[in-house]
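Asker: Given the structure of chain P, go ahead and fit chain D onto it with the hints provided.
Which chain is which? The protein sequence lines are P and D, in order.
Each number in this note's numbering comes from the position in the first sequence (counting from 1) with 3 added on.
Each number in this note's numbering comes from the position in the second sequence (counting from 1) with 105 added on.
Among these hints, one or two may not hold up.
What the hints assert, rightly or not - List of simulated lysine-lysine pairs, DSBU-like, C-alpha gap at most 30 Å: (1) K569/P with K553/D; (2) K164/P with K261/D; (3) K372/P with K460/P; (4) K569/P with K481/D; (5) K559/D with K261/D; (6) K559/D with K164/P; (7) K169/P with K481/D; (8) K261/D with K141/D; (9) K169/P with K261/D.
Since the hints were derived computationally from the structure, they do not count as laboratory data.
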Amino acid sequence: MMELLVILIPVFPLVAVLLNGLLGHRYSHDLAGRIAFGAVGLSFVCALMVFGHMLTTGAAYEVIAYSWIFGGELMVNLGFLIDPLTTIMLLVVTGVGFLIHVYSVGYMHGEEGFTRFFTYMNLFMVSMLLLVMGNNYLVLFIGWEGVGLCSYLLIGYYFDKVSAAKAASKAFVVNRIGDAGFLMAIFLVFANFQTLDYTKVFEQVGQLSTGTATAIALCLLVGAVGKSAQIPLYTWLPDAMEGPTPVSALIHAATMVTAGVYMVVRNHAIFDMAPMALTTVGWIGGITALFAASIGLVQNDIKRVLAYSTVSQLGYMFLACGIGAYTAAIFHLMTHAFFKALLFLSAGAVIHSLGGEQDIRKMGGLHSKIPMTYKVFLVGTLAIAGIPPLAGFWSKDEIMAHAFIHAHYGLYLLAAIGAFLTAFYMFRLTYVTFYGQSRMDPDVEHHVHESPGIMMKPLLVLAGLSVVGGFVGFPPEHGWFHGYLAKVATPVGALPHVVSLSLLLGLMSVAIAIALGGWGLAHYLYAVRPQAADDLATRVPGIYATLLNKYYVDEGYDRIIVEPCKRLGLIWDWLDRQIIDRCVRGIGHMTDVSACWITWTEKHVVYAGLNVIGYGNHLIAWSWRKLQTGMVHHYAAVIVVGFFLLVHVLLLWLTGASIL
Amino acid sequence: MHEEFTFGFPLLSLLLFLPLLGSFVIWAQHDVDLMKKSVLGIVGIELALAILLLWRFVSDSAAMQFSEHLNWIPPLGISYHLAVDGISVLFVGLTAFLMVMIVLYSWDTVQDNIKPYFMSLLALETTIIGVFVSIDLILFFVFWELMLIPSYFLIKLWGVGADRHYASLKYVLYTLLGSVFMLVGFALLSLNHHAVTGTYSFDLLDLLKVSVPVDQQIVIFWMIFLGLAFKAPIFPFHSWLPDALVQGPIGMSVVLAGIKLATYGFLRFSFPLLPEASTNQTVVVLVMALGLIAIVYGAVIAIIQTDFRRLLVFSSISHLGFVVIGLFALNFQGLQGSLLQMINLGFTTAGLFFLAGVLYERLGNTLIESGGGLAKRMPMLAIFMLIIGMASIGLPGTNGFIGEFLVLLGTFQAHWLYGLIAVSGVILAASYFLWYYERAIFGPLGSKVPAVLKDLTQRETLIAVSISVMIFWIGLYPSPFLRMINGSIQAVVLRLDQGLIANQIRANTVVAGVPIHSVEEETVGHMTISSHGKDES
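The shape of chain P in the complex, shown without the other chains (with noise of 0.2 Å):
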């Protein structure tokens, strides 16, 4: 019974896929729209059923459904892993899908491509699905390259825009740069342990030399910086912003950007027995929540400004893992997926009111237009911004305090900084989009106004949860969500600590206390004095616009790897047709030279000596010389039969009498 539901589970998509897919222009787009959600919806209900079993039994089980690629030593199945990290990511992919799947009906309503839009939006999911529920390292690329693609293929939604179709490429590109290092450590482990089935490679896993576990380690961490969009590989994500808005909300914030962290999690084991690995995986996603954060500063396009942000937040989630504190990690990937997903579906929201507007500079004075997505708005805000109780405070104060005690001073001083950062972007967002005299254009703003029930519905069920999906995990670090994550996420030798309540309680205040200050900040310049920005702004250009270009990081890499990789190939082509295909006739003339010793060859050696070969040739040689009229025709003969006789002569002297 359990087997069948959680076949079903990605099984409902993919028969949505192929009906809207292949029949989907034949019936309306409601029905189309209905069909997407509904499948998404049952999806969600079989992982709900699959959660409720595996609350009263707690053992992992592992279901196949065939075998896939076989020959040798390797046996794949496609088969799927359900444990508590698996049900997790069920529940926060069809879930949180779910409701932006109902949310685009209302926001794709009236679009040329509404039923194209629904069939990649549900083979995504299955996409999803696969990654985070198969039981080996292939069934999980499948998904994780099938996502790249659906992401592909969402950011090109409106492929004739050329911005839009460049970010697609790049976004594909970029991620078959770590798709790369992924596969090296699928080689990897394959070599070291001859299966691919997680559980077989972590019951193994002790086995593995350091040197080993850290190349296999950081090949995976190549492929998860390149699809979590971590530096170095993190600028496909500010663009894939292309896409309609509830793409970014599901795939460029909820779900699949998280992917990355759900793989370094799910290979804690082999992390845990790479130390240098660890401290790298920590430091990128330190380095990445502070810088990607400085950026967002800045920006004014709304989805621009929430892209970096995920890209900060995702960050965090990288350190959570870099110390070890893989629970929170996964704490932190659902609640984000809630607030993340509501800031981007209520900016969604902002812009389909405004016709289509994303520049923040052309907006102000929202708040009593819409008041209901601005309320939304700022519920996402908070939650982000790590305002106590609200989910994002807890699972931010947890990685923040597990940084703390576990003296990653480092990592923690760069969080800090961060979430101090975040803070004040979030809310220069939402003073900027919200208060204020407002900067429309008078066409727009004649036509605001608040978002049909569709839209709305959804967006308040993941405020609700942005405000009390944190309390799964409390208390800190002693919560439901920990007790039941803790036979999976729990790192290897990790000894339990004592902690002091006052020091955590501490910790908490500093957390409180940096949060309000980058509120705090954000409110004085943007609310209370609004000309002091834009005055700190011209006081340091050069900073200001190092951050407003994104540290020119996307020129730099056009220069140092597009560039030169486009000229190489100009280089080589001329190479090949002027040089390459010059050198084999170049040959042939060398032929032509020894033309007539050859003949000679043929007649006095050749055809007398070889019998069987020689008599052959000659007749080869004839009919040629026959067939063929005119100098090209004969220079050609010449150079066939000239190397069959040098063949020869050749032969003759290497094999010699002892053959013949």
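Answerer: Same frame as chain P, now just chain D:
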């Protein structure tokens, strides 16, 4: 590999000669429409026979099946010996499948001299099937050479480019040049057979029973290698390929890029007959290097191409690099992946060439600048190009992934550095395909795109759908295909392992100062005793 199953009915002969007979039948026909229908009928029956062959094929076996044996020139040991095993059986199916597609594609697109065109095509089918079902080396060689005749005329007379005359001649000469060496290699094998047993034989199964001294193995290996390398083509022997594929008709491009006759030759002849040369350190490193260069070289050049057909040419070169490194990884996964990838490329590369042909029909060329925003006007083309393109760059869930993954896995096991270099090809492949797609299919409508642009016709859709079905079938449920090839692959791997062991023993004994000859006799005995793959696999 020595075991033989017969079928009680000369299925292979029928498969072999049906198209040739068909070409005579249509010669007599004067009604163009009826002629086209009979051509379709002939290739259709051929496909049905090929499916029957695949259906009755015994999986998980290394045996030669459907064997037919007649003496041809007994004094020289040349015989009419046909059979298929796991290595060749899928190629027969693929050839029959692609020929149906080519006939469908050519239905309206070929206008001039349509009868000789179809006659050449049918003759070509016979020669290709002949290459795959021949067990006798001379018979193989005859079909290998005969293939040039219809190919030459197809490129020269129905080519689309201005330089088609040059391209056809170049193709024929290059292949001839290589095959001359190959023939000498074959002759040496037979001479060796004579030296050992006192009789000549060109039969693969006979030749497998005698061992070849290692020095000769290496010479013969390079002879056969040249023959295969020119035809494949393996870098740097590829310079005929851009001309032939760009100047020739689409049908010919599909055959040349889609049916990997030459790399099949390594699995069929080089590895089993010359196991010691094939595992020789120098040989492996050299060929591996050529394969790796081809991967990167082809992909990087493909990135900057402005003509879709030229892009496909260089992507073929790059893909062929994967096939080569998989072969010379010399382990199970490598060989299995390589063989599967040869079949896969028959669907993906050929599929993309068909789509290039569609573009050519509509736009007059396949340049990027003539496109732009084509997804708007030709959504079906855009979808199928994406599906087939993604398969060609190895997206999981498609056939390309299975092949590429196994090849890379095998290569990585051979040496991690090979794996690392080859993996870069995966990234480059995504770059060249997506960059093309971004500019030609996505983006705003190009200024040169005609106002009226027909999307795929029913026939073109049928081709694209058939290919896509195969792509997903092999990608998601490759089990039947893997079972067909696994037995024979296992036999080849065993054979190669013996070569490897022999090489090691020799290396050790040379160090120890023992003369080489005595060791050779030892390994000869070892190999002859244990070279019947089936029993051990």
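Asker: Next step is simple, just say for each hint if it's right about the structure.
Answerer: Cross-check of the supplied hints:
1. This hinted pair checks out: K569/P and K553/D have alpha carbons roughly 25 Å apart, not beyond 30 Å.
2. Proposed proximity of K164/P and K261/D is contradicted: the alpha carbons are some 42 Å apart, above 30 Å.
3. About 18 Å separates the Cα atoms of K372/P and K460/P, which keeps this hinted pair within 30 Å; it holds.
4. As the CA atoms of K569/P and K481/D are separated by approximately 28 Å, the hinted pair is consistent with the 30 Å bound.
5. Restraint check for K559/D and K261/D: satisfied, since their Cα atoms lie roughly 29 Å apart, inside the 30 Å limit.
6. Note on K559/D and K164/P: the hinted pairing holds, with a Cα-Cα distance of about 22 Å set against a maximum of 30 Å.
7. In summary, the hint linking K169/P to K481/D is supported, as the alpha carbons are separated by about 17 Å, within the 30 Å threshold.
8. Distance check on the hinted pair: K261/D and K141/D sit about 22 Å apart at the alpha-carbon level, within 30 Å; holds.
9. Proposed proximity of K169/P and K261/D is contradicted: the alpha carbons are some 40 Å apart, above 30 Å.
The structure is inconsistent with the numbered hints 2 and 9, although it conforms to all the rest.
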